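J.: Sequence:
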Amino acid sequence: MAKTPQDGTANASRRDAQGTRLRLLDAASELFAERGYERATVRDIASRAGANQALLFRYFGSKKALFGEVMARGGHEQLRSTPAERLFEVALRGMLAGGGAGADRSLEVCLRSIGGSDEIGEALRGLGEEYAEVLGTLSESDTGSLRADLALSWLLGIGLMRVVVAKEPLASADPDTVCALVAGALGNLLENLPKDGPADGESTGNPE
Numbered sequence: 020m021a022k023t024p025q026d027g028t029a030n031a032s033r034r035d036a037q038g039t040r041l042r043l044l045d046a047a048s049e050l051f052a053e054r055g056y057e058r059a060t061v062r063d064i065a066s067r068a069g070a071n072q073a074l075l076f077r078y079f080g081s082k083k084a085l086f087g088e089v090m091a092r093g094g095h096e097q098l099r100s101t102p103a104e105r106l107f108e109v110a111l112r113g114m115l116a117g118g119g120a121g122a123d124r125s126l127e128v129c130l131r132s133i134g135g136s137d138e139i140g141e142a143l144r145g146l147g148e149e150y151a152e153v154l155g156t157l158s159e160s161d162t163g164s165l166r167a168d169l170a171l172s173w174l175l176g177i178g179l180m181r182v183v184v185a186k187e188p189l190a191s192a193d194p195d196t197v198c199a200l201v202a203g204a205l206g207n208l209l210e211n212l213p214k215d216g217p218a219d220g221e222s223t224g225n226p227e
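Per our numbering, residue 20 is the first one in the sequence shown, and the count goes up by one each step.
Quick caveat, the hints were computed from the structure, so don't treat them as lab data. Do not rely on the hints blindly, as some may be mistaken.
Simulated restraints, written as ranges between beta carbons of each label pair [as the list claims (entries may be wrong)]:
id, residue 1, residue 2, range
1, R77, L189, 29 to 35 Å
2, K186, D45, 27 to 33 Å
3, P213, R62, 41 to 47 Å
The calculated lysine to aspartate or glutamate pairs, modelled on DMTMM-like cross-linking and capped at a C-alpha distance of 20 Å, are [stated by the list, open to error]:
id, residue 1, residue 2
4, K83, E57
5, K83, E49
6, K83, E53
7, K83, E96
8, K82, E53
9, K83, D137
10, K83, D63
11, K83, E141
12, K83, D45
13, K186, E53
14, K82, D63
15, K82, E49
16, K82, D137
17, K82, E57
18, K82, D45
19, K82, E141
Bear in mind the structure is a predicted one, so any value in this text is a computation, not a measurement. We treat Cβ as the ideally placed atom computed from N, Cα and C, and that holds for glycine.
Input sequences plus hints: build the corresponding full structure.
T.: Here is the structure:
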């Protein structure tokens with residue numbers, strides 16, 4: 020059956036709606052990472068996305084729901100797609116990238132949004148528990164859960180000092196140098212962490 024002009028118009032409308040929704044998610048991710056949940060206003064998110072505020076509410080329902088989707092797309096996707104032994108490094112590099120192209124900024128969002136509403140705080144704690152649960156699988160010790168919490172605390176502490184406090188020399192340190200130093204010491208906590216695996220972005224597959 021041949022497509023009608025109405026079919027083409029409907030498809031174009033859906034593509035436009037999807038594009039606007041993605042722009043709103045990108046803008047929200049950036050502003051939540053830069054300002055935190057409370058200070059990132061709906062007006063500013065819509066403005067950065069080049070969209071009307073009404074569309075934000077149409078596609079997401081509320082600012083809180085938008086926040087939830089930002090965290091699901093970032094932190095939760097990172098948890099699903101990253102091997103446990105690479106999670107710490109990938110998350111660390113994401114924060115060290117400072118919003119670079121393709122960087123996941125969900126942990127920056129956590130750092131800047133802590134202390135917000137009880138509901139937001141609970142969501143952030145939940146994400147932290149998921150990270151700690153995965154990191155805990157890298158230790159066979161009876162204190163594995165505690166070791167995971169300590170590793171996560173170190174990860175967030177590095178992000179706090181670099182991203183929020185901007186403490187030098189950490190704030191401008193080379194990400195590769197930071198990752199190498201941290202990985203060398205982290206093995207004392209998480210004994211199954213790779214000691215000399217490939218850096219983020221390098222292939223882990225078998226040569227053909």
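J.: A separate judgement is required for each hint: does it hold in the structure or not?
T.: Hints versus structure:
1. R77 x L189: 29 to 35 Å: violated, 42 Å
2. K186 x D45: 27 to 33 Å: holds, 28 Å
3. P213 x R62: 41 to 47 Å: holds, 45 Å
4. K83 x E57: Given pair K83, E57 holds - Cα atoms ~10 Å apart, limit 20 Å.
5. K83 x E49: holds, 15 Å
6. K83 x E53: holds, 17 Å
7. K83 x E96: holds, 19 Å
8. K82 x E53: Status holds; Cα separation ~16 Å.
9. K83 x D137: holds, 12 Å
10. K83 x D63: holds, 15 Å
11. K83 x E141: holds, 12 Å
12. K83 x D45: holds, 15 Å
13. K186 x E53: holds, 16 Å
14. K82 x D63: holds, 12 Å
15. K82 x E49: Distance ~14 Å between K82 and E49 Cα, so the pair holds.
16. K82 x D137: Between K82 and D137 the Cα gap is close to 15 Å, so the pair holds against 20 Å.
17. K82 x E57: Judged against 20 Å, a Cα distance of about 10 Å means the pair holds.
18. K82 x D45: Holds, at about 14 Å.
19. K82 x E141: Holds, because 16 Å separates the two Cα atoms, which is no more than 20 Å.
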